[in-house]
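Colleague: Protein chains in written order, with my numbering: chain A, 1 to 293; chain B, 294 to 633.
Keep in mind that the hints were calculated from the coordinates and are not lab data. Fair warning: there could be bad hints in the mix.
Calculated Cβ distances over 12 Å to all of chain A for the following chain B residues [unchecked claim]:
1) SER361
2) LEU370
3) TYR382
4) ILE420
5) LEU423
6) LEU427
7) GLN430
8) SER434
9) SER455
10) PHE489
11) ALA522
12) ASN562
13) LEU608
14) ILE610
15) TRP618
16) LYS628
A short, non-exhaustive set of chain B residues, derived as facing chain A with CB atoms under 8 Å [stated by the list, open to error]:
17) GLU371
18) LEU373
19) LEU493
20) VAL577
Computed from a predicted structure; not experimentally measured. Backbone N, C-alpha and C define an ideal beta-carbon position, used for all residues, glycine too.
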Amino acid sequence: MTAHTADITPPEGVQVSFDISSAGARFGAQFLDILITFGGLLAFFFVMIWLQVFDWALLGTLFFLLIFLIRVPYYIFAELVWNGRTLGKKIAKIRVISADGRRLTPHQIVARNLMKEVEVFMPLTTLFAGEFSSTWTGWALAIWMIAILAVPLFNKRRQRLGDMLAGTLVVDQPKLVLMPDLAAQNVDAATGFVFDAGQLEVYGRYELQVLEEILRAEPKSPEAKEKVDHVARTIARKIGYRQQLLSKDTWVFLSDFYRQQREFLESRHLFGDTRENKFHGDAETDQVPRKSG
Amino acid sequence: MAQDIQSADLIRSARFRSEREDSWKRLETLLARVEKSGTKTLSYSEARDLASLYRQAMNSLSVARSISMDKALMKYLEALCARAYLVVYAPQESAVGVVQKLFVSGIPQAFRRSLLPLLIGFGAMIIGCLVGVLLYQQDPSWYFTFVPPELAAGRSPGASVSYLRDSLYDTGGRDGDTMGTFASFLFSHNTRIAIFIFALGVFAALPSFALTFYNGVLLGAFVALYAEAGLLLDVFAWLSIHGVTELSAICVACAGGAKLGLAVLNPGNLTRRAALKEAGRDAVKLAILAGLMLIVAAFVEGFLRQMVQTIWLRLTIGWGLGLVWLAWLLLSGRKEEPET
Numbered sequence: 001m002t003a004h005t006a007d008i009t010p011p012e013g014v015q016v017s018f019d020i021s022s023a024g025a026r027f028g029a030q031f032l033d034i035l036i037t038f039g040g041l042l043a044f045f046f047v048m049i050w051l052q053v054f055d056w057a058l059l060g061t062l063f064f065l066l067i068f069l070i071r072v073p074y075y076i077f078a079e080l081v082w083n084g085r086t087l088g089k090k091i092a093k094i095r096v097i098s099a100d101g102r103r104l105t106p107h108q109i110v111a112r113n114l115m116k117e118v119e120v121f122m123p124l125t126t127l128f129a130g131e132f133s134s135t136w137t138g139w140a141l142a143i144w145m146i147a148i149l150a151v152p153l154f155n156k157r158r159q160r161l162g163d164m165l166a167g168t169l170v171v172d173q174p175k176l177v178l179m180p181d182l183a184a185q186n187v188d189a190a191t192g193f194v195f196d197a198g199q200l201e202v203y204g205r206y207e208l209q210v211l212e213e214i215l216r217a218e219p220k221s222p223e224a225k226e227k228v229d230h231v232a233r234t235i236a237r238k239i240g241y242r243q244q245l246l247s248k249d250t251w252v253f254l255s256d257f258y259r260q261q262r263e264f265l266e267s268r269h270l271f272g273d274t275r276e277n278k279f280h281g282d283a284e285t286d287q288v289p290r291k292s293g
Numbered sequence: 294m295a296q297d298i299q300s301a302d303l304i305r306s307a308r309f310r311s312e313r314e315d316s317w318k319r320l321e322t323l324l325a326r327v328e329k330s331g332t333k334t335l336s337y338s339e340a341r342d343l344a345s346l347y348r349q350a351m352n353s354l355s356v357a358r359s360i361s362m363d364k365a366l367m368k369y370l371e372a373l374c375a376r377a378y379l380v381v382y383a384p385q386e387s388a389v390g391v392v393q394k395l396f397v398s399g400i401p402q403a404f405r406r407s408l409l410p411l412l413i414g415f416g417a418m419i420i421g422c423l424v425g426v427l428l429y430q431q432d433p434s435w436y437f438t439f440v441p442p443e444l445a446a447g448r449s450p451g452a453s454v455s456y457l458r459d460s461l462y463d464t465g466g467r468d469g470d471t472m473g474t475f476a477s478f479l480f481s482h483n484t485r486i487a488i489f490i491f492a493l494g495v496f497a498a499l500p501s502f503a504l505t506f507y508n509g510v511l512l513g514a515f516v517a518l519y520a521e522a523g524l525l526l527d528v529f530a531w532l533s534i535h536g537v538t539e540l541s542a543i544c545v546a547c548a549g550g551a552k553l554g555l556a557v558l559n560p561g562n563l564t565r566r567a568a569l570k571e572a573g574r575d576a577v578k579l580a581i582l583a584g585l586m587l588i589v590a591a592f593v594e595g596f597l598r599q600m601v602q603t604i605w606l607r608l609t610i611g612w613g614l615g616l617v618w619l620a621w622l623l624l625s626g627r628k629e630e631p632e633t
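So that you can see chain B by itself, here it is in the shape it has in the complex (with noise of 0.2 Å):
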């Protein structure tokens, strides 16, 4: 080994490294230990001589690339740098820290600063729903080609009004455990719709906003074909308790797809790479926002719509939950900076 060779016999480089190698494994152990059971089992002590050796270590990379052509040495430095890197700048936000900067500066402030984009989410469904409208009444048989089958389960044109109506109302013989399947199901299906929205939004944000035309079509239709039987009052108010969220939701990760999307159309100075970079801070925030409302829509949706039978509680519960997101969107962290 090393130690046993007296010093001044070595170069230069060999005496560098025999004089620091101990450190090296030292540090190497300590790294073990941090990779298999976390930071938590570390001493004070020792985390303090983690941080030092960790400088140490890449101090003795800096001088071995000036001094040593050890190829050996040189690998050895360098992964046992990288290896200590990654342990020393680890993730050290607390999960609740982040969760409560989220929701009080983090959300709102990406959604205020999303004017355009959120213009297209909700253009996109709100032009959808009038085409549909519009398609339907000049020929009902439109119906057949937007809504798939499986989908419209008999409400379709030509079905009798009380069918109609009943389909409003009908709680379907549900109890409470099947209510929590359907919220629980609901909820992962349009979780991950809004997902997907939201991630086509790369390829120029013109998937996202086929998707969300799509379904305002889907729902300009399904209202028409209401409205025909003289039930408009009544399916908005079926609509709106969980419709005023849950749309929203699929027109905000329309939106955070759309801001990808002209990054990526429009990246200014910027290379697009680095465009979608800095879009994708506040699009993914919008994603969240999306799956967030989704959760809160699926609860609604599987359990309320089904408990509460009148027009006017539907519509005040619906739009009541629209006005707190509002609110929420709109007021909550305006005093504190604009984070980095």
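Same shape as in the complex, but just chain A (with noise of 0.2 Å):
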């Protein structure tokens, strides 16, 4: 499935973007949700009657408590304290947050859990249990129940009716890694590849971050080391560099590349000329003409 995103505003005003939560996560954490709760009750309630504390009217009288706080309030009360997150929610490494970018407010936690009830418990139990006979009625049943199941799978944001009801998104939680900055790293190894103005007028945005993400992860195997020459060749064949190209120098070649192609394009954003591809050159004829060439 598609990764989509979702873009917040905080008040701050700048833009931030999250990954909207994948069909599976959010599964897998209602998945773990329930197996904790309901384990964990009936794990209690082993420990409880195998020590014998509690005589049995006061067990149940606990019992029919517990299972009643174990649906609802259990996400209701875990989403506040841990601010979005249920315990399924993280170690599935998702959270919930506003779709406003203010913070996420107890209504909104309130709102999109109670409709739990209808979204998650009903459609789950009379699936499974099977209270649905052959008759027409108890088809029409079973697939209203597994449309609602699946309405988050059916739009862009993959809400279910309590998010659309509370103006919640359910997100996976970012990642953060901070790479190396390419062009800090190699500008030592400078070993004289030089390229001219006209050399780096060929590529754009795109063309320049993949070629970041082949810089990455420097080859070991032979196969590797033959697919960065080819696409040194094609590079080289491309911008017109005339020079011959050592098949030990093309790792060089590509960084050195890298580095004066992000220089370039970073001082032709600066001057209102931003080049998203290759193809910058032709589209220049569709849009409004700009000053600095």
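If you follow the hints, you should be able to join the two separate chains into one complex; please do so.
Modeller: Shown next as structure tokens:
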């Protein structure tokens, strides 16, 4: 399934984008939550009965209270305390955020979880208990339940009805990985590949960032080296780099090219000439003429 | 590393990064700590740093977008800002404050704003009840159609008057402990039903209405059965003591559902999704109110109904409780501004 993103504008006014959680992660988190709450309840009662600390009447009272508390109230409480995360969501590394860029309010948490009763618990118990016969009402009921369960699959932001009601989204917890700066890393290694402006005119941002991804992993195996070789020779041909390119130099060639291409594109960008990809020359005619050539 | 290299040799965006990387890293460590053990573990100066580092990171992100084409950097900054945003804008309301506001102004105001849905909710129950009575009077065998056998528990047409009378006044030999179990069962069961009725409202209000209506029919048939045996006042008192609160709670839950359903059916100038969100504010409060009433009703039903055996005391407690609810909902939170 393709990854969707949601752009949130915090009060600071700089848009931040979150990845909308996949249906699998949502399902997994829900499954884990059910497992944890019901499993915990069962374990608790086994221990209680085994220890025989309470009499049956009190156990009964506790049982009915807890069976209620582990449904909607558990989710409300967990999401309030852990800022939009239940135990299952913590494990699945997803969380609830407010779609309006403000903080998550108690109202939103209560609203989205009250709907859980019809959106999750009712369909699940009905479908698993097989409480529908083969009559047409039974089938209609089953189809309706499946339709409710499938609501998040059929909208772009994967909101279930409770999310729509509360104005919330479920997103992936952002992962923090800072890769080294390729343009800084290789500055000393310059062995003298120098490109002129004409050669740097060819590519745009998209190609630069593809090259960045290639440069993130230094080739180890012969096949990988072959590929890098191929990339370097293709670039050399496209930009019209005339000198002889030895196989041992291709990595350095790409690094140097990356740095100079980035510097070039960034400065063009600062002058208002943003080049999204290698077709920037073709698109020029359709757009408003620019002052900086 | 970036610091070893003469900054003059770097291209502009790499220089930008090397100058700010340390503060990003510091923000990252602060975030990791807060996410793990909460904001409370931060000292005063650390909390202050967190806020200013967050704003710096936001600033960096916005600058990086305009000068840098380093994809890895953008991804990192984006994730850093997202994480920091979630930490800085975490829910801050104190639990006590939220609850207090809800009770003093939130719920009563939502109640007063929801006249039409409440009419629908109570209407469904009352009409259902009338239909139940009329059908029963026409033909008592309807009773078996409506009332599932496990709910009837022998209280069916043809049962002797004395059996019916006993069912209203029998303590069932329950002692204090089992009463507690019974009360908690009632609460658990009824509240789930109420949440269910509420949430079903989102499907154009009809399922909520139907369920409440069905509850009314049950009630009507039940009352008619006892009325036929000449026990109208007795059954009325028996039902009143908890029913005034419990049945009202079901109606309120239905009203909450109706509010959602009306927003879906008639969103006005808004999109359906926006209308639903708007209606949700009051509807959720009605659902909370219903839950609250059911807690009280379960206590009354579990304990008091067995302990209080006289008609007039039952009536007084039941309707007195109803009056208390009404007074709270109609009078509380009148002075304050309607909340946003």
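Colleague: Among all the numbered hints in the text so far, which are the ones the structure does not match?
Modeller: Of the numbered hints, 1, 2, 3, 10 do not hold.
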